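Construct all of the structure, not just a fragment, from the sequences and the given hints.
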Amino acid sequence: MKKSIISIILILGVFAGFALSQTRKTIVRRGTKITTIKKTTVRKTIPKKTMTTPNSSAVTTESGLTYIVTKNGTGAQLKAGDTIIVNYTGLLTDGTKFDSSLDRGEPFSFPLGAGKVIKGWDEGFQKLKVGDHATLIIPSSIAYGSEGRPPVIPPNATLIFIVEVLGVK
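Note that my numbering has the sequence shown beginning at 18, numbered continuously upward.
Hints were generated in silico from the structure; no laboratory data involved.
Keep in mind that a hint or two might mislead.
Said to hold, decoys possible - Subject to a maximum C-alpha distance of 20 Å in a straight line, what follows is the list of computed SDA-like cross-link-like pairs (lysine to any residue): (1) K146 x G112; (2) K146 x T113; (3) K133 x G162.
What the hints assert, rightly or not - Label pairs and their computed distance ranges (CB to CB): (4) T113 x K88: 22 to 30 Å; (5) V76 x T110: 27 to 35 Å; (6) L109 x G132: 17 to 25 Å.
Quick caveat: nothing in here was measured; it's all calculated off a predicted structure.
Ideal placement from N, C-alpha and C gives every residue a C-beta, glycine not left out.
Structure (C-alpha cells):
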C-alpha cells in the first residue's frame, strides 16, 4: 500500500508541470448576496518535498485516503454539517482530467458529511480548514468503487483531487 501511494505521488510529480494555473475573478454566491473575491492566480502543485521524501507531509488514513496540504489556510477547521465552498480539479492516476470546477468558472458547494459526495470527499475535507490547498488521493473503495462512472471514471479507479477550500456558508 505504501509503495502504491509513493508511486502515485511520483506520478503526480510528473503532472505537476501541467499544474493548473489560471488567473480569474471568482464570484461566490452566499444567499442573496454576491461576494467578489480578489483576482488571484491559483496555482496548485505538489511540493518537491512530497515527491522526494517518503516521510513527507502526506498523511494516509485507515480508509486509504491520502491527503497532502500544499498550502496552509488560516480559517476554521472544517467539520461535518458545514456547507463548504471549494474549487477542485479531478484527475485519474494517468493524469487525465475528468472534472474541474475551475473549468466551469464556478466553485462547488456541498454539505460536508451528509453523503452528498463520494466518501473520500466527506472524509478528506474534514481534515482541512478554510484557505487550505491540498491534494486528496482517494482509493476506489471510498470513491466510485468497482462500478466507476463510465465512460469518464473506470472501475476501481484511484482518484486524485487538487482542491482549495474557499469558505463555509
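Consistency of the hints with the structure:
A C-alpha spacing of about 26 Å is found between K146 and G112, which places the hinted pair above 20 Å, so the restraint is violated. The hinted pair formed by K146 and T113 fails the criterion: a straight-line CA distance of about 27 Å is larger than 20 Å. Note on K133 and G162: the hinted pairing holds, with a Cα-Cα distance of about 16 Å set against a maximum of 20 Å. In this structure, T113 and K88 meet the distance hint of 22 to 30 Å, their C-beta atoms being roughly 24 Å apart.
The given range of 27 to 35 Å is broken by V76 and T110, whose C-beta atoms sit roughly 19 Å from each other. The beta-carbon spacing between L109 and G132, approximately 24 Å, falls within the hinted interval of 17 to 25 Å.
Hint violations for this structure: numbers 1, 2, 5, all remaining hints satisfied.
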